[in-house]
Amino acid sequence: MKITLEESGICVDKDWVQVRICFYLDPTDARYDEHHVQVPVIPGSGYPGEVDAMGNPVDMDDYHAWIDGLPKQWQNNPFHNHIIRVNPAITDEELKARMVRHGEEFYAMWASGKDAHAGWKPLKSDEQPKGTTENCFLKGLDLAARKDNFNQDSKKE
Amino acid sequence: MAVLDIGAPAINRGNSYNPCTLIDTYNPANDDGTIESFEIWAFLSLSSCKAGTFSGSGLDYDDRDYATLGSITSGSKQTFSGLSIDAITGDFVGTYFSAGAIERESTGGVACYSKLGDQFGLGSQTYSKKTSYIISLYAEGTITPPGWTGKIDGIDDPAKIDNTDVADIIKWDGIS
Numbered sequence: 001m002k003i004t005l006e007e008s009g010i011c012v013d014k015d016w017v018q019v020r021i022c023f024y025l026d027p028t029d030a031r032y033d034e035h036h037v038q039v040p041v042i043p044g045s046g047y048p049g050e051v052d053a054m055g056n057p058v059d060m061d062d063y064h065a066w067i068d069g070l071p072k073q074w075q076n077n078p079f080h081n082h083i084i085r086v087n088p089a090i091t092d093e094e095l096k097a098r099m100v101r102h103g104e105e106f107y108a109m110w111a112s113g114k115d116a117h118a119g120w121k122p123l124k125s126d127e128q129p130k131g132t133t134e135n136c137f138l139k140g141l142d143l144a145a146r147k148d149n150f151n152q153d154s155k156k157e
Numbered sequence: 001m002a003v004l005d006i007g008a009p010a011i012n013r014g015n016s017y018n019p020c021t022l023i024d025t026y027n028p029a030n031d032d033g034t035i036e037s038f039e040i041w042a043f044l045s046l047s048s049c050k051a052g053t054f055s056g057s058g059l060d061y062d063d064r065d066y067a068t069l070g071s072i073t074s075g076s077k078q079t080f081s082g083l084s085i086d087a088i089t090g091d092f093v094g095t096y097f098s099a100g101a102i103e104r105e106s107t108g109g110v111a112c113y114s115k116l117g118d119q120f121g122l123g124s125q126t127y128s129k130k131t132s133y134i135i136s137l138y139a140e141g142t143i144t145p146p147g148w149t150g151k152i153d154g155i156d157d158p159a160k161i162d163n164t165d166v167a168d169i170i171k172w173d174g175i176s
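Chain order of the listed sequences is P and Y.
Oh and the first sequence: position 53 is 53 in our numbering, straight run, nothing missing.
Oh and the second sequence: position 84 is 84 in our numbering, straight run, nothing missing.
Only chain P is shown next, with the shape it has when bound in the complex (with noise of 0.2 Å):
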């Protein structure tokens, strides 16, 4: 299993530094087939055909003509995604120890065929006080900007 920060997902929520994590399957993990799929890779001019004022095609049945007809790719999507809220101080190793235990957590569910968030509860222990909104915000940045950094291979028994 792969954990990664999502930098899309990182933003400021109500004083806190949101975080999102991505947990990603291994091919030798279970039901790795649920998040492995394809999916047409889509051109930059778009759909060439009819819309109307919200962009949608007109005709449904010449939309997906058109979509059958694009060549496919092969994706691996996460299989669970989990925001959480921290103060701006945490620091790398306790965000990484976080990420950790909830990707071991989620995969256990997710190994035994349910939801990966079965019955999931966050611990007393995971609320942490709030900062400033412009903490937050710089915070949310540098977490951005070193995503990378926290990218993990999570080794199971």
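These are calculated hints, taken from the structure and not from any lab test.
Certain hints may be false.
Stated by the list, open to error - Think about it this way: if two alpha-carbon atoms lie no more than 25 Å apart in a straight line, the pair counts; the simulated PhoX-like pairs of lysine-lysine are:
hint: 1; chain 1: Y; residue 1: Lys-130; chain 2: Y; residue 2: Lys-115
hint: 2; chain 1: P; residue 1: Lys-130; chain 2: Y; residue 2: Lys-160
hint: 3; chain 1: P; residue 1: Lys-121; chain 2: P; residue 2: Lys-2
hint: 4; chain 1: Y; residue 1: Lys-160; chain 2: P; residue 2: Lys-14
hint: 5; chain 1: Y; residue 1: Lys-77; chain 2: P; residue 2: Lys-114
hint: 6; chain 1: P; residue 1: Lys-72; chain 2: Y; residue 2: Lys-77
hint: 7; chain 1: P; residue 1: Lys-96; chain 2: P; residue 2: Lys-147
hint: 8; chain 1: P; residue 1: Lys-2; chain 2: P; residue 2: Lys-72
hint: 9; chain 1: P; residue 1: Lys-121; chain 2: Y; residue 2: Lys-77
hint: 10; chain 1: Y; residue 1: Lys-160; chain 2: P; residue 2: Lys-124
Unchecked claim - Listed next, the stretches of chain P that the computed footprint assigns to chain Y, with coverage defined by at least 3 CB atoms under 8 Å from CB atoms of chain Y:
hint: 11; segment: 7–17
hint: 12; segment: 34–48
hint: 13; segment: 54–60
hint: 14; segment: 66–78
hint: 15; segment: 113–126
As the list claims (entries may be wrong) - Pairwise CB distance ranges, derived in the manner of DEER restraints:
hint: 16; chain 1: P; residue 1: Asp-15; chain 2: Y; residue 2: Pro-158; range: 24 to 30 Å
hint: 17; chain 1: Y; residue 1: Pro-146; chain 2: P; residue 2: Pro-43; range: 52 to 58 Å
hint: 18; chain 1: P; residue 1: Gly-44; chain 2: Y; residue 2: Thr-164; range: 56 to 62 Å
hint: 19; chain 1: P; residue 1: Asp-61; chain 2: Y; residue 2: Ser-124; range: 32 to 38 Å
hint: 20; chain 1: Y; residue 1: Ala-159; chain 2: P; residue 2: Asp-33; range: 45 to 51 Å
hint: 21; chain 1: P; residue 1: Asp-59; chain 2: Y; residue 2: Ser-124; range: 32 to 38 Å
hint: 22; chain 1: P; residue 1: Pro-129; chain 2: Y; residue 2: Ile-161; range: 20 to 26 Å
hint: 23; chain 1: Y; residue 1: Thr-164; chain 2: P; residue 2: Gln-38; range: 52 to 58 Å
For every residue, glycine included, the Cβ atom is placed at its ideal position computed from N, Cα and C.
Given the structure of chain P, go ahead and fit chain Y onto it with the hints provided.
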């Protein structure tokens, strides 16, 4: 703890919806509570996705609370846990994304309401209606347990007693 749920199953459907703010009136919130997880199935990967709760009627809806989820990959159900989003009985589920497409069907739902652009945080807005449409967006959480009601120190149904939320009081002077 009882389960709060809103929205339709996040499954692979026959059609899709392009970028906009979308509200699905299928399966409104069954009680007051807090949404803790969202499930979503994108037909094309989504950018800048938000998801939350909406109140309203007719063509006018206002978001109550939401979370920023970010980019969401297509092709499988994506689940987000750890959320804390307010919901009130009868609220609807809604989402916004700036690029990509969400799975939807033209039949089987109640109605979907759409408006171009990000409408979260903008107050009540007027939407366009698509009868029977349904989208792959589902949320689940816990129902707020009913608290004690009555009069104390001349105050009707106080929210707190001795600085403790009434909903958190399970025993008082030995009485449960």
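Hints the structure fails to honour: none
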